[in-house]
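Residue numbers (our numbering), protein chains in the order written: chain A, 12 to 188; chain B, 99 to 426.
Hint data in this document are derived by calculation from the structure and do not stem from the laboratory. Bear in mind the structure is a predicted one, so any value in this text is a computation, not a measurement. One or more hints might be untrue.
Stated by the list, open to error - Derived pair list, reagent style DSS-like, types lysine-lysine, alpha-carbon separation capped at 25 Å:
{"hint": "1", "chain 1": "A", "residue 1": "169", "chain 2": "B", "residue 2": "414"}
{"hint": "2", "chain 1": "A", "residue 1": "73", "chain 2": "B", "residue 2": "414"}
{"hint": "3", "chain 1": "A", "residue 1": "90", "chain 2": "A", "residue 2": "16"}
{"hint": "4", "chain 1": "A", "residue 1": "16", "chain 2": "B", "residue 2": "414"}
{"hint": "5", "chain 1": "B", "residue 1": "414", "chain 2": "B", "residue 2": "354"}
{"hint": "6", "chain 1": "B", "residue 1": "414", "chain 2": "B", "residue 2": "339"}
{"hint": "7", "chain 1": "A", "residue 1": "16", "chain 2": "B", "residue 2": "339"}
{"hint": "8", "chain 1": "A", "residue 1": "16", "chain 2": "A", "residue 2": "169"}
{"hint": "9", "chain 1": "B", "residue 1": "339", "chain 2": "A", "residue 2": "169"}
{"hint": "10", "chain 1": "B", "residue 1": "339", "chain 2": "B", "residue 2": "258"}
{"hint": "11", "chain 1": "A", "residue 1": "73", "chain 2": "B", "residue 2": "339"}
As the list claims (entries may be wrong) - Covered stretches of chain A, going by a simulated chain B footprint (3 or more residues, C-beta under 8 Å):
{"hint": "12", "segment": "66-79"}
{"hint": "13", "segment": "149-159"}
{"hint": "14", "segment": "172-184"}
As the list claims (entries may be wrong) - Covered by chain A, per the in silico footprint, the following chain B stretches (three or more residues, Cβ under 8 Å):
{"hint": "15", "segment": "323-331"}
{"hint": "16", "segment": "345-355"}
{"hint": "17", "segment": "416-424"}
Idealized CB from N, CA, C, for every residue including glycine.
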Amino acid sequence: MSEIKLIITGTPGAGKTTAIAAISETPPVRTDTATTDDLAEVKDVTTVAMDFGELTLDDGQKVFLYGTPGQQRFEFMWKILVQGGLGLIILVDCSRPDPLADLDMYLENFADFIHQTGVVVGVTRRDQSATPSLDEFYERLEAWGRVFPVFEVDVRQKDDVSLMISALISTLEFATA
Amino acid sequence: MRTISSVGLSQKDENVLKALLDLLGARTREAWHYAPAGTTDAVILDTDNRDALAQWLAHGHDRTLTPIAYASAPIDLPVEHRLTKPFRAADLIAVLNTISSRDTGPESAETAEPREDAEADIPFLSGAIPPLAQQVAECRTRYLRLSSARQTVLLDCANKRFAMKHPELPLREFLRTAPDQLDVVACDQPGAGFEGIDSWQSDTPLRWWIGVECSSARLLRSLDSSSRFKILRWPEPGLIKHSQHYLSLSALLSRKSGVTLAEIASASSIAADVVTGFINAASLTGILTTRTVKNEPGAVLAPPAADPAPAAPVNKGLFARIRARLTL
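Next up, chain A with everything else stripped away, as it sits in the complex (with noise of 0.2 Å):
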């Protein structure tokens, strides 16, 4: 069987880990180091390789979820991971400077996966700012001409992960090739 990914990216801080652990049925494999950056104001370690966890299916096929480290500096394992990969989920944290910005950074690294497969974004962390509306998050996605989905979400809740998961499947069968 061929190994099935999705990939979830994101600023740091957004909740890939978290959102990895909410779903995955086994304990995530993380490659957390302490954070020596601006960020240890916010977290004390961050991702610097990748998370993994999975998800079985009914004939025993795995799903892999493999989390990306944030920061723009451990970009070529960006480029690592997304091989093969199904789709990709863009975790974007509200609480942060310039969320939109942060957006399009992903957008732009992703650019040719997402051409090849889907997208959805999952818009975290709104209980500490409204702002930006989804309105504006949207606007930044015209340019791809298809609408990919931009939905809240609690990454810590199970149900809000298989919906990010369930629109992208939705996407790539029925909006992509």
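The hints should help you fit chain B onto chain A, whose structure is shown.
Just chain B, lined up with the frame of chain A:
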């Protein structure tokens, strides 16, 4: 002897219907026989088959026919006779006997003249009162008040909000109330009990569920069934997450060039009334755009070049298994 025809049935269902009619014999009050569509006493309409239904509406209907809606799930339509798939002999007998016992009145099949506005006389497709979704779409007053039993919902059309009194049922369940049990009043004053109310909510969920539940399988008059439909954004998660059909329809309507009803039918097995309800809901909540196909030369025949190809069949099975694993 009475005759019955069908529109839009699968070959298998048509064969089953013919076999049942042959076997029913003396179990119905009158003898019923299958006949080609056109001059029969009754017609069974597969309301899941939107194309066939639309074609029948445009060309094949006659007011002397008694329509029987045949659907995969109970549908909220003001139709007098209905059958749920698959065919069951007992249900079919009951419906046919009901039709036989009905007083046919002065306009019998032999005397009735065809008429120009035939749709207006098709009981389950028209009626004097348009579906609630249509009433909301065309609301010209400040408020619409919906009441059933003690529960009342007030839609403030001008300010995109609604309020509820005695909320005994969740909104969606309330809107599933049979049309003849739901009192709809257009008014310019909020009415008793709503003066000074401060518990207004965004009307998006109300409009959404009205579109989904109260469309009677008919597109809003403002929508052209030959258009390409596209959504500007996905509906809120709370409105779509409990139905895989809604996720699929959201994705279909997210395509670069939008999608036609025929393309939806070809890409999915979603029942026509669900598709219609979803599109109406998207329109009522302001997230739908349309593009008329017939004004674009060649657009009907040539698929939009920018649209990606459908998912490979091998992935279809994989996607279904992943969905089954997630089970929202």
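Problem set entry | Which numbered hints fail | none
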